[in-house]
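Taking the hints into account, I'd like the entire structure generated from these sequences.
Each residue of the sequence shown is one higher than the one before, starting from 0 at the first, in numbering that gives the first Met the number 0.
By construction, these hints were calculated from the structure, which means they are not laboratory data.
Think of the CB as a built atom: it goes at the ideal place given N, C-alpha and C, for glycine as much as any other residue.
Any given hint might turn out to be false.
Cβ pair distances, simulated, as ranges [stated by the list, open to error]:
1. ARG51 to ALA25: 37 to 47 Å
2. ALA34 to LEU55: 47 to 57 Å
3. GLY112 to GLN86: 34 to 44 Å
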Amino acid sequence: MSTERWNDERLDRLANRIESVIESNARIIQALANASAEAREERQQLFESAQRHDRLIESNARVIQALANASAEAREDWQQQQAIILQHQEEIRGLQTENRRILDILLNQQNQGEDSTDD
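See below:
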């Protein structure tokens, strides 16, 4: 087994290499820290965006429910109006029938009056 002697030049090379590794590791650690900070910021932005979307979804759900309620009320109103229209139509038909009956009675009375004056 051979034993090498550590001379100043060899020690300087080893020290330079160790310093280079330390600097490289420091750059890598800084780059990882920067990437981690960016990822944290992106996660925060995504979280805030998700919260905004959730609020928008809830708001839209309330609007849709309000529209559905308004539509249901409008349908009920329309059905009530249709029922009133049908009732009015029936009343008008009844009045038309009654008017025809009265007109027939008046015409018959007029015809009877003319017939009695002709005698």
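Results of checking the hints against the structure:
no.: 1; hint: ARG51 to ALA25: 37 to 47 Å; result: 39 Å, holds
no.: 2; hint: ALA34 to LEU55: 47 to 57 Å; result: 31 Å, violated
no.: 3; hint: GLY112 to GLN86: 34 to 44 Å; result: 39 Å, holds
The structure does not agree with numbered hint 2 stated previously, though it agrees with all others.
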